[in-house]
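Participant: Quick mapping for you: the protein sequence lines, in order, are chains A and B.
Under the working numbering, residues 1 to 72 are what the first sequence spells out, in order.
Under the working numbering, residues 1 to 147 are what the second sequence spells out, in order.
Subject to a maximum C-alpha distance of 25 Å in a straight line, what follows is the list of computed DMTMM-like cross-link-like pairs (lysine to aspartate or glutamate):
| no. | chain 1 | residue 1 | chain 2 | residue 2 |
| --- | --- | --- | --- | --- |
| 1 | B | K97 | B | E74 |
| 2 | B | K97 | A | E22 |
| 3 | B | K97 | B | D48 |
| 4 | B | K66 | B | D48 |
| 5 | B | K66 | A | E65 |
| 6 | B | K56 | B | D28 |
| 7 | B | K56 | B | E29 |
| 8 | B | K66 | A | E60 |
| 9 | B | K66 | B | D55 |
| 10 | B | K97 | B | E23 |
| 11 | B | K97 | A | E60 |
| 12 | B | K56 | A | E22 |
| 13 | B | K66 | A | D36 |
| 14 | B | K56 | A | E60 |
Chain B regions said to be covered by chain A (calculated; three or more residues, Cβ under 8 Å):
| no. | region |
| --- | --- |
| 15 | 50-56 |
| 16 | 62-71 |
Bear in mind the hints are in silico, worked out from the structure with no lab data behind them.
Every residue gets a Cβ at the ideal spot worked out from N, C-alpha and C, and that includes glycine.
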Amino acid sequence: MTENTYSVSGMACGHCAGFVTEELERIPGVATVAVDVENGMVTVTSDSDLDIADVRAAVEEAGYELTTTPSP
Amino acid sequence: MSPLNDTDPKQFIADFFTSFTEELLHSDEDPALIVDRYHTPDIVQIADGNRMDRDKLIAHTRPVRKNRPTSRMEVHEALANGDQLAARYTWYVQNRKRDLALEVCFFGQFAPDGRMRRAHMLTRALPTDAAPRQPPPATTDRQETSA
Numbered sequence: 001m002t003e004n005t006y007s008v009s010g011m012a013c014g015h016c017a018g019f020v021t022e023e024l025e026r027i028p029g030v031a032t033v034a035v036d037v038e039n040g041m042v043t044v045t046s047d048s049d050l051d052i053a054d055v056r057a058a059v060e061e062a063g064y065e066l067t068t069t070p071s072p
Numbered sequence: 001m002s003p004l005n006d007t008d009p010k011q012f013i014a015d016f017f018t019s020f021t022e023e024l025l026h027s028d029e030d031p032a033l034i035v036d037r038y039h040t041p042d043i044v045q046i047a048d049g050n051r052m053d054r055d056k057l058i059a060h061t062r063p064v065r066k067n068r069p070t071s072r073m074e075v076h077e078a079l080a081n082g083d084q085l086a087a088r089y090t091w092y093v094q095n096r097k098r099d100l101a102l103e104v105c106f107f108g109q110f111a112p113d114g115r116m117r118r119a120h121m122l123t124r125a126l127p128t129d130a131a132p133r134q135p136p137p138a139t140t141d142r143q144e145t146s147a
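Chain B with its partners taken away, still in its complex shape (with noise of 0.2 Å):
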């Protein structure tokens, strides 16, 4: 059985990561644990052809922590088949430095019940201007996350 059999694929991308940075953002919880109840324990993640395992996931929740982001994900479309899912979304992010826009190409496979087992990402900087300070109205392929 699948996660992904019952929901749109666009809905459960953007809630996994919406509600996966919420949790890194508004508690002080050990990350670790965090993770944990996001990826199974052999997660394997290569974003832009480099690998994270669960440990440099751990780590890498520092700087996410530290700069305490305002991010707004826009996901503009996605496909699932079975355990796997393919999507591309823009996350816009705001910190107290700079504004970001990231496109993604995702694909991805999940465990039953909904953890990331394997991920792999292509990223790139959008032009920052494609990053509004002022979201736009939420609709239902949108998902917000403020710090």
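Just chain A, same shape as in the assembly (with noise of 0.2 Å):
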């Protein structure tokens, strides 16, 4: 298993954090996602290493912003 934690901006409140949970659950190989909306972080963990365009465009259809690189 791979985990990596990524920062993304704009989340508010536990809604927001179901919808970048949704789709970032869509993404082949990912095991759990855990969003800390107070920090604006979310861990993904994941069968493989997951490539950063799908984390963020997952993000970006959530209607959010990832705004940095994975930090395992």
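With the hints as a guide, bring the two chains together.
Facilitator: Next up, the structure:
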């Protein structure tokens, strides 16, 4: 399993977290998504390394913005 | 002098959120300017325990604009005392991906010029069948915003 943490801006509440989680979980290989709304952080565990473009596209699809590259 | 003195609190809170949302969705103006028209610089909103200051509030306008929702706010009850207002309302939101109905219990404080200074909001999602795609006829306690 691989775990990466991303910075996402624009999230304000649990509903925002739900929207971001829903889109990230659509990426093949994603096992779990944990959102820290207060600090604007999203931790994703997956079967293998994710393409940052896929993560960015999923976050954008939810309406939010990926603001940093992943930190393991 | 409080802006709440001369206004029905249900109408005040409905007008506040409806107008703010309309300005965000119907213009390409810098969202910071819109946020500042409706909130004092030291605004703090706490939604379900998550704290939002001015910067986070501005950042949160991005998904609102991106998703371009159509929304309708129904204020069920509201009480004002001085510069404070408490209300329970439901936001019915439709965007390109989903229908939502969010019930909100709101406790807020407003500056004399009507801008929001503080707000605590407790929210819960209602079953989606509580969000009819066709809004009922407008009444004095309902406000609509269309993108």
